[in-house]
Structure formats: structure tokens, C-alpha cells
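Undergrad: Single-letter residue listing:
Number of protein chains: 2
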Amino acid sequence: MALVVVGGVAAGLSAAARARRIDPHLEITVLEKGPDISYGACGLPYLIEGRVRRPEELVVYTAEYFRKERNITVRTGTRVAAVAHARREVLLAGGERLRYDRLVLATGARCTTLGIAGAAQPHVFTLHTLEDARRLRAFLLDRRPRRAAVVGAGYLGVEAADALRRQGLRVTVYERAQNVLLREDAALTAAVRKQLDTHGVELCCGVNVDSVDALDADLVVLAAGFQPNVELAAEAGIEIGRTGAIRTDDRMETSIRGIFAAGDCTETQHLVTGRPAWIPLGTTANKTGRIAGANAAGARERFAGVAGTSIVGIFGMAFAVTGLSEAQARAEGLSPVAVRIEGRSRPRYYSGVPTTVELVAERSTGRLLGGAVIGEDGAAGRINVIAAALASRMRLDEFEQLDLAYSPPFAPVWDPLLIAAQQLKKAT
Amino acid sequence: MALVVVGGVAAGLSAAARARRIDPHLEITVLEKGPDISYGACGLPYLIEGRVRRPEELVVYTAEYFRKERNITVRTGTRVAAVAHARREVLLAGGERLRYDRLVLATGARCTTLGIAGAAQPHVFTLHTLEDARRLRAFLLDRRPRRAAVVGAGYLGVEAADALRRQGLRVTVYERAQNVLLREDAALTAAVRKQLDTHGVELCCGVNVDSVDALDADLVVLAAGFQPNVELAAEAGIEIGRTGAIRTDDRMETSIRGIFAAGDCTETQHLVTGRPAWIPLGTTANKTGRIAGANAAGARERFAGVAGTSIVGIFGMAFAVTGLSEAQARAEGLSPVAVRIEGRSRPRYYSGVPTTVELVAERSTGRLLGGAVIGEDGAAGRINVIAAALASRMRLDEFEQLDLAYSPPFAPVWDPLLIAAQQLKKAT
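Heads up: the protein sequence lines correspond to chains S and R, in order.
According to this note's numbering, the residues represented by the first sequence are 8 to 435, in order.
According to this note's numbering, the residues represented by the second sequence are 8 to 435, in order.
The shape of chain S in the complex, shown without the other chains (with noise of 0.2 Å):
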């Protein structure tokens, strides 16, 4: 039996591990496209930054561990130009034909610069891969840059307008929508702006970025348009789903049998709304990339879906969200209640910091639907109980009486968890 992964990033490799641990005996070869495999994209910023010293830092197994250890051949440069599932064969750019019993495509996605003139400019950087990180990191040192725009304010983008002013550039993002982080919520979109502009960042949000020439920038990060890589699937008949992306059952396999999919090509059920949705994340990627690979080796495992959670730091304050917020929740049809109460990190005693917690539950049931949180000091931990909560379908009068760790040092004798769901529930 053998196994093809395409892709050797967070789910291509996740795949063909655990595709090795359920048959010992399988043959799988992995095909990457760029030059490296495996690495934590979501540290790019950091390298950026300054903080990551080297891009080998972020490399977290290398195509020999897996050749040694795992014994799964790692291809890089290797890019596949169309799969041929009538003969079992991916056909590699080069002309090579691959055969597979069982594929799994984990293309990842990209950031498509459709539209925007002047793209191709020596100073305009993506964000994506190791050797965008390397080739802008090197423009930084050599060029030294004064002015970048930002285009885009989803994570990235603002990770990015937080990594370029550390490093002392001025710093202006542009967002097409009117709201940051990809999320239909005016509040923490306001707080987004609030932050950034503390930190000398401009935000300007409404804005259609056409022309790179028309930014005042000599560096410029294009951070918006992310889109999934679905050509390959497409062209080979795989149904692509209603969000753009690869469709496929909770078993990660598509519509044709024996190939699987997985990470920021497919689309996952929310565990909300029930309903297909196309979140890319790493962490989402590390888990259906185990699920496709697992089953791809002949084990039966499903994949519970997304709740959406996720942080970003902006200049030390993190913004965490999970779940829908009260705008999305409406626009799912749903007849939401939302509250946003402001508590403290920690008693004030213990140098507390302001805590912002929003939850929104659903009025006739006291559902909860999702949540956002906002300070300096513990708010992953508090985003984290929310989702845990949504994955449980809990109710707010459940919610409220959680048994939460209290000491000091860590949170006061009421978390803001609680406070907001006692003050949601008067509403439902």
C-alpha cells in the first residue's frame, strides 16, 4: 500500500506521521512543493520581529528525521501538477508519475495578491512561507525601510504592523472591511484599533487597496485575499465545498474515495452553527491532518469540528475569540443575547489587569454561542474554557457555575468568566 501526501507543512505532515503509527508498513512519501518542510508558520511575525533569530528555529522536524525515524520519504521542490485518480498517479511537475492507493492533499493556502497592481515589486513581501520570512527579513537589514503598509487586518496583517514597528518602521494597515481579525464584531474591533493606535499604528479600515503605488510605503506586506489551494482537487473532479474550499465528511476523505484532505484547503464543520465553514489555522491543520492520515491508513476516525477559537498579541495585549460573535450568531439566524462586562485579570491586590470577557448565548435556550476576550494576563486560558464549553453545548446557568481555579496569583475569587455569564443570563 502506498500512501501520497501533498503538502509538507502542519497537515500534510501530521497526516503521513500518523499514517505511520497506525501501519507500520505503509509506504508514504510526502511531496512539498517549497523548499522546507514543517515549519511553525504562525511564528513568521516573529522572525520579523527579531525574536526568532534564525529561520531554522521554526523548523520543527526536517525531511531527514522523517526519512530516518519515521521512515516517510520527504520530497521538497517537488511540485504536483494533476492527479489522475482512474490510474491512481499524481503527475509531478517534472514529468514523473506517482502511484498512490491512498492520497491525501493538504495544499494549504496562499495569499493571492488578485488585483492589486504592482505586486510584483522588489518591496512588496507575502507572508507565508520560510522564504517569504527570509527574503523580507533581509530587506529589513539591507534596504532599512521607514514607511510600511499593511494590507490586510486579519491576524496576520496585524501581527505583522506589530513586528515592523518593534522594528521601528511607521506602520499603517489598511482593511477592506470594516471590521479587524475577520470577525463581525464592532467592539473588538474598536479595542484592535485602540491598541494599535496606543503603539503608533495606524488602522484604516474601508479601504480598497488596488495599487501598491498608491501607498505612502517603501515596504509593503500584503496580508489580505487569503484563499485555499484547491486547483489540484478541482481539476481532479473533487467537490469543492460552498466556502471555497475542499468539501469533505468528518473523516476528512472527499468525494472521491480513497483521497483525504486536510488543513487550510478543506473546510470543517463549525461546531456552532453546524454548517461548513473555512477557518485556517495551524491547530486545525494539526488535528484534520491526523484524522486524514489516520484513515488513509485504514483506522475510523471523525473529526468533531471547529469552534473558530483563536488569539492574537498585539503589543503584549491579547485578543481571543471563539465561537460567533453576536452579529455573526444573527446572521446565522440565530436570536442571540450578548453582554461584555470588564473585569480584572486577578484581585486588584495582585496587580490585576483590566479583563475584557464578551459572551453571547442564544435567547430561548441560554446556549452559548461564542465569546471574546480581551487583556494582558491569562486571556488564552479564559478563551479556552469558552470553547470548551462550546464543544460541550453548554448553557449559561451550567457556565456560571463552572468551578474555576482561584489564588490570587493567578485570578480572583469571581473570574470574569463568571461575571459575564451572570450577567448574561438576567437577559436570556
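Careful, some of the hints might be misleading.
When chains are identical, the list treats them as one kind, so a pair holds in a single copy or across two.
[What the hints assert, rightly or not] For lysine to aspartate or glutamate, the following DMTMM-like pairs were computed, each having C-alpha atoms within a straight-line distance of at most 25 Å: (1) 75 <-> 30; (2) 432 <-> 30; (3) 40 <-> 138; (4) 433 <-> 34; (5) 40 <-> 246; (6) 75 <-> 34; (7) 432 <-> 349; (8) 432 <-> 257; (9) 40 <-> 103; (10) 433 <-> 260; (11) 432 <-> 308; (12) 432 <-> 260; (13) 433 <-> 339.
Bear in mind the hints are in silico, worked out from the structure with no lab data behind them.
With chain S fixed as given, assemble chain R onto it according to the hints.
TA: Below, chain R without anything else, positioned relative to chain S:
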């Protein structure tokens, strides 16, 4: 309608404040035997350490505030001698009688010095009230002791040891049991021992201290033999549970209708075992106080129970637990499996530090039974995720797919919680 609340710290004041919200016309009187009300008792060690400068910083609300803002009468220095329920009266120590329609007992717990000879000496302290902390603080400053002994390695004991050590004293902690932190968990005890040892505090387990004079110390803190104050309730004919604390139903009503109890003097239902447990903690005191107050004022609210979540900081490292340890689960007649892994709090390239996660699950069903988290970064948030999972009776296969937040400044892509769940799942 008159509500009388016996006890003016966490549970008692939560009850009074909540009753007022439910019924604006209720006549509410809080009787507190000590001189202070509404203080954060868990902050006392930080007063000893010197991090909290003045005892007043620990006071959340004053009697004056309750009188003016909540129309609640608070009488300090007022000891209740007896409850005469047939006449609906409490008898005060001075002879005065006070009528009630509803009564809330929030009599708390105490550190018994029973059986320890020499406990009345001036260099021997407990650390339970603001007054205790004031006296101990004054003794430290006036007498400059060099050598401290702490009796008891529960939460308060290790916090006191940490605080005294930071004041420059040589500190030895004596514990009667083989385990610390009131948890039958050898690995947790070993980790605490190592942390204490690293910071120059000696831990002696399995040592029964019969006499203060046997200790080579010029300062002794007694932090053992915690007991619920149930005498008042027992003499009034209220049923005491098997744990030795006051038994209530899930509305916090005692065996006598119209008399409620809350906080450290009461037992609660354990979420995992479904059995009564006595786990006196500030969070539970506040929660049960709220519910007792609400129901005493005519509402119908129920308490879900406790998971026994707690956390303690020892020289900057957090030791957090929830639910049952493997040994405790076995003692409860369950058939547990457990795993202990060491992960990192964040990616290595982003200053991640070691984080130990222990998970315990039921072998047959995979249901989570408990866990522990040890580390210097993010332990509170992680134990709370386990606590939330226990509240919804989550299984390992659900837990391992939790959509937890990932970003390098906050967490690794595979959170230690998920790694532990993956590993433990193999054993079920």
C-alpha cells in the same frame, strides 16, 4: 420578612447581597463574630510576604458600604450563642435575641490546634483572619524570627512557607500525611517537594507534630486540622453530613426548613463522584452563598456541585488540580487510567517553559475524572479547561479535539492538554 446571616466573610456576604437583589424589601442582618468583614482570606499569605502592604487592601467592602448601598445591617464583634428555631430566634452571646424568618449559616471553618501542646504561646500563629495576619506581620517586624516551622502542607501551609521564606526565614514544613495539598497524588507531592527544596524550604511528610516545643523554631504557623464550624448548627438540630460539615440539599437548605447554609461550614456534591465532599474554598463559598441567599429570599436556584479545582503558587510555579487523582479515583471504586506528560507552555522559540499535565480517565468509558497541571505559565487556564470538561462529563475522545487557542506568544500548536489526552486515549 427578616433574613439573618451568621458570618460576614465570603459566603455570608454573598448570601446577603444576593438576597437583597432578589427582594428589595427584605430586612437583612449579618452577624460577624470578628472585627472585620468581607476580606479576601486567600490574600493573607501575601500580607505576610509583604506584597500586600496594608490589611485594608484585602477588604472588599466595609460594613458602612453594606449599610448605605445595600440597606444591609452588618454587626461585627457579634457572636451567636445559639439558634432557637422553634421561636425563629438567634441568641447572641450578650443575651440579645434576634428574630428571623429565614436564616443563613455561613459560620466558616477554623484551624484547630487540638492536640498540639504549646499552641497558646506568643510565637505560634494561625493564618485564618485579618487579625491573625496583622499579629503575625507585627511579630515578624518586631521580633525578627530566623527559623520558622509551618505545620500542615495544605494550600495555606505552603503559601505561608513561601511567604516566610521570601522574608528571609529558614522554613520547615511538617505534614502528617504522605501527600501535600490534601491530594493523594505522589507525583504532585514530588513536584511540590522539588520546588520547595529548590527554594530552600524543607518538607517533612509523615510527621505528626504533637508539641510546638518539639520544633526548632522561633515562629510557628499552624495550618493543619482545618475543620468546619458546625457546632451552632448541630446544637440547633441541623443534620451534619458524613464529611463532618453541614449537610444541605442542592438549594443549600439544611435539614431544617428555612435554615440555609453556605461556604466552608457546608459539604457540597462532588461533580465527578456524585457524593458529598467537604472542599472548603473561597470560590465555592461565594457561589453557595449566592445560592443560599437567593433561595432564602424566595428564589429557586440550585448548586451544581464542585470539581475541587484549586491552584497554588509556590515560588512562581503553579500547582493546579481538579477532579480526582488516580489514587482518589481508585479509592472511589472507579477503574481509572492516568497519564502524565511534560509539554511546553508555548513554542520553544517563543520562550515556552515546561508544563506538566496529568489526566485521569475512566478506563471503560474514557470519561475524564480529573487532572493536574504544573508550570510557570498558563497553568490556571489549562486546569480550568479540564474543570469545564468535568462539568460536562466530557470523554477523552471529545477532549482531545478541543479547539484551543494557538498563537506562539500564548500556546504551542499542540497544547499539552491535547497531547496528554491523545496519550491517555491509547490506554483506554
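Undergrad: Run every hint past the structure and note whether it holds.
TA: Each hint, compared with the structure:
Taking the shortest alpha-carbon separations for residue 75 and residue 30, only the intra-copy value of 17 Å comes in at or below 25 Å, while the best inter-copy value is 72 Å. Proximity of residue 432 and residue 30 under a CA criterion of 25 Å is satisfied inter-copy only: 18 Å between copies versus 50 Å inside one chain copy. For the identical chains of this complex, residue 40 and residue 138 are intra-copy neighbours only, at 12 Å inside a copy versus 70 Å across copies, given an alpha-carbon limit of 25 Å. Proximity of residue 433 and residue 34 under a CA criterion of 25 Å is satisfied inter-copy only: 24 Å between copies versus 59 Å inside one chain copy.
In this assembly of identical chains, residue 40 and residue 246 lie within 25 Å of each other by CA distance solely inside one copy; the values are 23 Å within and 73 Å between copies. With identical chains, the CA atoms of residue 75 and residue 34 are at most 25 Å apart within one copy only, with a shortest distance of 14 Å there and 77 Å across copies. Taking CA atoms no more than 25 Å apart as the test, residue 432 paired with residue 349 passes inside one copy only; the shortest distance there is 16 Å, against 38 Å between copies. Taking CA atoms no more than 25 Å apart as the test, residue 432 paired with residue 257 passes between copies only; the shortest distance there is 19 Å, against 34 Å inside one copy.
Within a single copy, residue 40 and residue 103 get their C-alpha atoms as close as 14 Å, which meets the 25 Å cut-off; across copies the closest is 86 Å, which misses it. Taking the closest pair of Cα atoms, residue 433 and residue 260 come within 25 Å of each other only across two copies (23 Å); inside a single copy the shortest separation is 44 Å, beyond that limit. Within a single copy, residue 432 and residue 308 get their C-alpha atoms only as close as 37 Å, which misses the 25 Å cut-off; across copies the closest is 13 Å, which meets it. Taking the shortest Cα distances, residue 432 and residue 260 sit within 25 Å of each other only across copies (23 Å), while inside one copy they are farther apart (41 Å).
In this homomeric assembly, residue 433 and residue 339 come within 25 Å of each other (Cα to Cα) only inside a single copy, at 23 Å, whereas the closest approach across copies is 38 Å.
The earlier numbered hints are all upheld by this structure, with none contradicted.
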